[in-house]
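**Q** Based on the sequences and whatever the hints tell you, model everything.
2 protein chains.
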Amino acid sequence: MTKQILSILTLSLFISIQAIAQQIVSPDKSIQLNFSLNAEGVPTYQMSFKDKEVIKTSRLGFQIKEDEQDLKNGFTVVNSENSTFDETWKPVWGEESEIRNHYNELLVSLKQEPSQRIMNIRFRVFNDGVGFRYEFPEQANLGHFVIEKELTQFAMTNDHTAFWIPGDYDTQEYDYIESRLSEIRDLMTNSITSNLSQTSFSPTGIQTSLLLKTDDGLYINLHEAALIDYSTMHLELDDKDFVFNAWLTPDVQGSGPYMMAPATTPWRTIIVSDDATDILASRMTYNLNEPSKIEDTSWIKPMKYVGVWWEMITGKSSWAYTDDLKAVKLGVTDYTKTKPNGKHGANTKHVKELIDFASEHGFDGVLVEGWNEGWEDWFGHSKDYVFDYVTPYPDFDLEGIETYAKNKGVEMIMHHETSSSVRNYERHLDQAYQFMKDHGYNAVKSGYVGDILPRGENHYSQWMVNHYQYAVEKAAEYKIMVNAHEAVRPTGIARTYPNLIANESARGTEYQAFSGSKPNHVTVLPFTRLIGGPMDYTPGIFEMDLSKLNPDNKSHVNSTIANQLALYVTMYSPLQMAADLPENYNRFLDAFQFIKDVGLDWEKSVYLEAEPGSYITIARKEKGTNDWFIGNVNGKKDRVSEISLDFLDKGKKYLATIYSDGEDANYRTNPQSYTIKKMNVTSKSKLSLKSVEGGGYAISIIEVR
Amino acid sequence: MTKQILSILTLSLFISIQAIAQQIVSPDKSIQLNFSLNAEGVPTYQMSFKDKEVIKTSRLGFQIKEDEQDLKNGFTVVNSENSTFDETWKPVWGEESEIRNHYNELLVSLKQEPSQRIMNIRFRVFNDGVGFRYEFPEQANLGHFVIEKELTQFAMTNDHTAFWIPGDYDTQEYDYIESRLSEIRDLMTNSITSNLSQTSFSPTGIQTSLLLKTDDGLYINLHEAALIDYSTMHLELDDKDFVFNAWLTPDVQGSGPYMMAPATTPWRTIIVSDDATDILASRMTYNLNEPSKIEDTSWIKPMKYVGVWWEMITGKSSWAYTDDLKAVKLGVTDYTKTKPNGKHGANTKHVKELIDFASEHGFDGVLVEGWNEGWEDWFGHSKDYVFDYVTPYPDFDLEGIETYAKNKGVEMIMHHETSSSVRNYERHLDQAYQFMKDHGYNAVKSGYVGDILPRGENHYSQWMVNHYQYAVEKAAEYKIMVNAHEAVRPTGIARTYPNLIANESARGTEYQAFSGSKPNHVTVLPFTRLIGGPMDYTPGIFEMDLSKLNPDNKSHVNSTIANQLALYVTMYSPLQMAADLPENYNRFLDAFQFIKDVGLDWEKSVYLEAEPGSYITIARKEKGTNDWFIGNVNGKKDRVSEISLDFLDKGKKYLATIYSDGEDANYRTNPQSYTIKKMNVTSKSKLSLKSVEGGGYAISIIEVR
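Chains as they are written, first to last, in the UniProt record's numbering: chain W, 1 to 705; chain X, 1 to 705.
Hints were generated in silico from the structure; no laboratory data involved.
The model shown is predicted, which means the values in this text are computed figures rather than measured ones.
Where hints are given, some of them may not hold.
Note that the list lumps identical chains together, so a pair holds whenever it fits in one copy or between two copies.
Cross-link-like lysine-lysine pairs, in silico, DSS-like; alpha carbons within 30 Å at most [unchecked claim]: (1) LYS652 / LYS316; (2) LYS329 / LYS474; (3) LYS479 / LYS437; (4) LYS301 / LYS349; (5) LYS474 / LYS437; (6) LYS636 / LYS652; (7) LYS56 / LYS653; (8) LYS437 / LYS301; (9) LYS326 / LYS149; (10) LYS596 / LYS56; (11) LYS29 / LYS437; (12) LYS604 / LYS240; (13) LYS406 / LYS343.
**A** Rendered as structure tokens:
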């Protein structure tokens with residue numbers, strides 16, 4: 001039977017299905033979700049917040065590859081269950097020490113005719129948003145199947161303002177664009193800036209996590225949670241009707257994900273509020289992930305670190321040891337017979353200087369990139385055997401450094417650049433992790449620069465999603481923490497695998513050395529990229545004129561020093577780098593003091609004020625102390641931030657140290673102008689602080705006993 | 001500069017290059033090879049045997065992907081070196097205990113203008129043929145590059161007769177076609193029989209190893225040696241001029257291999273003689289491979305084995321444990337809660353019966369397929385996590401069987417079906433090999449049924465060639481012998497890694513259960529598939545009417561019992577299965593005696609008579625004894641084979657046991673008719689033995705002391 005004939009049959013058989021509607025609301029009743037089947041048995045949902053519609057009636061379902069019947073219509077409701085859940089759990093690390101997971105649930109069980117297949121849809125309605133996923137229970141008529149297209153829609157009510165980056169199967173390292181939905185198509189081409197691996201797919205294709213703002217004052221975030229064994233979701237906008245259609249990252253053959261019942265999809269998430277700070281405060285994405293599968297988490301520890309990195313990013317030094325080699329054969333190439341290029345960053349003497357600096361200033365770790373053989377031809381050759389992860393360059397005394405760091409009380413952080421040659425990485429993974437443990441490394445920064453090998457796969461396809469997951473789970477076996485760069489953006493999986501302590505998956509500080517990011521970039525990231533988990537943003541740049549590090553680098557860091565300090569608070573991560581060079585910190589030790597002082601792991605967080613693209617001000621209380629830290633990052637206009645310290649314990653006295661933009665500060669022409677002011681504060685204090693464009697302030701508030 | 005302009009420039013610059021010719025001959029002067037550069041600086045070669053031209057002037061070189069200049073013309077000879085080599089080496093196992101490697105060599109160093117790149121071509125001329133390869137030394141102007149097309153040609157002198165199978169990126173499991181070159185195009189479509197994974201590429205594309213026969217009596221074999229880190233070569237015929245063009249198996253993006261200087265290609269080989277037995281006796285393919293990289297080879301031992309296999313192939317029993325499951329989730333699916341299907345072959349009781357049988361009849365090993373969880377959905381779903389290689393079915397008592405086999409002096413042979421999900425296999429490889437060693441398994445039969453994962457790759461692309469090599473090299477680390485099925489056809493690599501004790505890579509005995517093979521199939525394989533290394537052909541079928549095993553199986557084994565016995569001699573392999581069921585052997589124990597007696601490893605081999613497609617008669621002397629074994633397989637016509645036993649030691653007396661076709665034997669209607677005759681023989685004896693179509697004879701010759 002052809003698919004066409006079957007569709008007609010289906011239509012005639014089920015045209016008479018009665019429309020059915022079911023409703024659930026959030027615990028606080030602010031959010032209302034309606035599920036219904038239309039006359040053709042197509043599942044749909046609709047959602048509103050405080051009586052404002054957030055998602056218009058939107059279809060649900062799937063197009064299935066080479067199957068007789070798609071999973072899109074002909075459904076009837078065979079069962080539905082309502083339940084409620086309320087639990088508080090303690091994350092291993094995070095923005096607060098306890099997270100409440102409170103929702104009402106509707107599980108709709110759908111049966112399709114004539115296929116007799118069962119597809120369930122599970123909705124969870126929280127006070128801060130909605131998550132839903134598809135579930136395929138074990139059943140006689142559905143085993144293996146391949147999804148050709150996920151038909152999930154998110155129908156917008158209007159031509160909202162969006163903070164978006166171009167849809168891409170390989171990179172998220174784009175500057176955010178703020179525009180109306182109707183403007184996306186025209187702005188797309190110029191928004192696709194160059195990257196070492198990139199694959200765009202549609203002139204209206206954009207990425208999640210996406211932030212939208214409506215004209216009637218709603219903030220909406222669309223993303224997904226628990227992306228496990230599935231293809232990464234993008235959104236393609238029908239810009240006539242303002243409907244977002246799910247767009248899954250295909251495999252090399254244009255299909256996927258490959259499914260096998262019993263199975264569930266990731267959660268599709270819609271966070272909503274009329275207050276932008278609620279978006280930042282939302283824990284829904286974590287709540288939709290499974291509890292930790294790692295039983296003993298005592299070895300997972302937040303880290304503040306310095307490293308041999310920014311000097312290579314700026315071009316001051318190099319990852320490569322020599323300029324002699326056109327091609328490296330690992331195990332064959334004899335580096336001792338090559339001429340060193342004289343600017344190799346990861347040399348023993350220099351690394352020991354970094355260890356000294358870290359030790360002197362109380363940092364937990366030192367990251368070293370370019371320590372291992374293979375960097376001479378690491379990129380751009382589709383090279384399979386690119387690194388072995390266990391062979392240091394001749395000038396990197398691995399064991400000497402190990403001992404030196406240990407004696408100084410500093411941990412070394414390993415670097416594994418894969419060059420996206422993931423078969424090679426998987427082949428070496430056990431050995432590489434064991435090598436780390438043998439040499440006292442408990443954390444790894446991994447990288448996926450360049451096009452994926454196996455060739456034709458993309459960074460965000462199911463194949464690669466499974467790889468990143470494999471690397472994280474295997475790392476957990478070795479008690480290793482992972483900070484994966486260029487990997488798929490996080491979806492709250494760190495709840496389940498808290499050894500995934502950070503990701504990059506966005507435009508990080510490195511782009512400040514590649515041509516600069518927008519001065520308000522960091523006022524968007526917490527609303528988008530950070531929804532899924534922490535980012536290793538690598539802040540702390542004090543020298544904004546990069547030609548001072550490398551005369552050939554004409555890029556400028558679009559930020560003030562005060563803004564850089566604030567990032568340690570506003571860009572939550574259990575892994576925080578002080579990315580600039582020691583010599584630059586030594587020039588501004590008074591400002592550097594904030595980086596040394598600022599907490600890493602938090603008892604609670606108070607989101608004082610926020611507007612995407614404009615400003616974010618957050619106060620956080622350090623876990624195990626009474627110390628608070630506040631960060632404010634400012635967008636494109638000078639602004640006075642008025643905040644109340646009423647979150648402080650009443651009756652207690654505190655000493656505040658305020659690091660703010662100097663009067664004459666300017667992110668472009670005078671970024672190093674800052675002032676430091678100390679004052680006593682209490683819970684009754686109010687502060688009024690000016691931040692310049694691309695600027696901000698940082699405050700440490702220490703209890704005075 | 002565009003490629004077009006460059007080509008014109010090149011042409012004008014180098015049109016004046018002087019044609020240069022160099023010649024080398026084989027040690028016995030029978031073969032003459034001429035290398036020359038034509039007026040455009042294109043390298044060419046030409047070859048003759050005893051003054052008959054074998055290869056007409058044929059071009060050499062490469063088309064390079066996205067490079068300014070292909071490696072095809074503009075060459076001058078900057079150096080050439082002649083040398084000679086003569087060495088005798090001892091294989092770990094083989095058709096003879098010592099192999100002479102004797103050749104004259106010409107190394108031509110070519111420099112290209114204007115690219116300044118160096119490409120060397122190394123020719124080795126043996127008495128039995130020519131091998132040549134390209135070499136790219138380390139140089140300033142050539143590092144990484146991607147071959148788009150290898151331009152190597154093999155220009156035939158005429159419309160020869162060929163014994164060919166369709167070119168395919170995924171399978172060699174085709175029946176051989178005997179035809180004129182000019183007939184290939186018309187015969188192609190019908191020659192492509194169905195297979196579980198197959199990708200043909202051209203109506204005149206065929207595979208190596210290819211056997212050709214000329215009208216003036218030459219036998220020519222075209223193949224390759226030492227296929228390492230390169231794409232498998234096919235041949236595409238220009239059937240107007242009878243020129244074969246090299247056709248490399250592309251990667252998923254249509255390119256490859258990916259090269260990195262210093263590098264060498266595999267050897268392109270041309271074996272030639274005017275006596276067909278010389279083709280069988282040629283050791284050139286091994287000689288062109290590197291000596292063993294395994295230092296201690298004491299653990300590598302030829303094996304004769306039985307197994308739980310033919311019963312599944314014929315459909316009598318099953319690999320799967322249950323028929324309940326549509327999809328298996330390893331580690332989640334609980335088999336103890338499923339209903340056994342009642343025909344699972346790999347159950348403890350049955351395996352112990354096989355162990356008893358092996359022990360009673362002196363076999364070294366027992367292979368068991370279907371012992372591990374996952375067979376319910378192992379094929380056809382592009383399933384990633386298909387097997388874990390360490391979890392037995394509930395009815396397979398791994399440890400009990402281990403002990404039982406050990407007590408009976410029998411080795412168990414592990415089976416690893418990968419379902420071509422090679423990432424999954426590589427992820428489990430260390431654990432799987434360790435599991436084998438922990439449970440006393442020293443040999444593995446691996447399988448690559450179905451389309452490759454990573455999707456879009458093919459069985460014979462560089463990616464997969466590297467995988468098979470990885471599996472063999474890693475096995476060597478664990479002292480494990482590998483018999484890889486559905487892997488790329490061998491190219492003599494077993495010299496370098498003698499733990500690669502066999503491959504399938506051709507139409508094996510299993511096809512006798514799938515519809516049957518041609519009755520003369522086994523008179524072709526030794527001239528083609530076996531040129532590169534041993535085949536696990538799994539002979540020894542005594543019951544040719546397969547409906548007796550499984551009423552639903554209508555296939556017939558196109559062979560007589562005597563022919564099946566002869567295969568143990570004619571199809572050389574250090575791994576020989578007695579593939580039929582014990583109950584069938586028990587019906588013909590007198591014939592079975594030959595399988596029990598026949599040697600596995602040989603002191604020397606004498607190729608008595610041979611004609612591809614018609615007959616092969618080989619005598620071999622068992623290593624460490626004075627016993628000889630003779631096998632004759634016959635083709636499509638009844639024939640009387642006249643042989644002299646003059647290879648026997650003069651003066652010694654021997655008892656010959658002759659197993660030959662019965663007078664009324666017929667491979668279709670009366671295949672179980674055979675006679676066994678014992679007689680005393682000496683080196684002066686001559687035998688005249690009749691073999692029927694698809695028949696043959698086998699003789700054991702034991703010294704009488």
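**Q** Decide, hint by hint, whether the structure agrees.
**A** Taking the hints in turn, this is what the structure says about them:
no.	hint	result
1	LYS652 / LYS316	neither (48 Å within a copy, 83 Å between copies)
2	LYS329 / LYS474	both (27 Å within a copy, 19 Å between copies)
3	LYS479 / LYS437	both (9 Å within a copy, 27 Å between copies)
4	LYS301 / LYS349	within (28 Å within a copy, 53 Å between copies)
5	LYS474 / LYS437	both (13 Å within a copy, 23 Å between copies)
6	LYS636 / LYS652	neither (36 Å within a copy, 103 Å between copies)
7	LYS56 / LYS653	neither (51 Å within a copy, 97 Å between copies)
8	LYS437 / LYS301	within (16 Å within a copy, 38 Å between copies)
9	LYS326 / LYS149	between (43 Å within a copy, 23 Å between copies)
10	LYS596 / LYS56	neither (48 Å within a copy, 77 Å between copies)
11	LYS29 / LYS437	neither (50 Å within a copy, 62 Å between copies)
12	LYS604 / LYS240	neither (43 Å within a copy, 81 Å between copies)
13	LYS406 / LYS343	within (26 Å within a copy, 61 Å between copies)
Going through the hint list in order, the structure does not satisfy hints 1, 6, 7, 10, 11 and 12.
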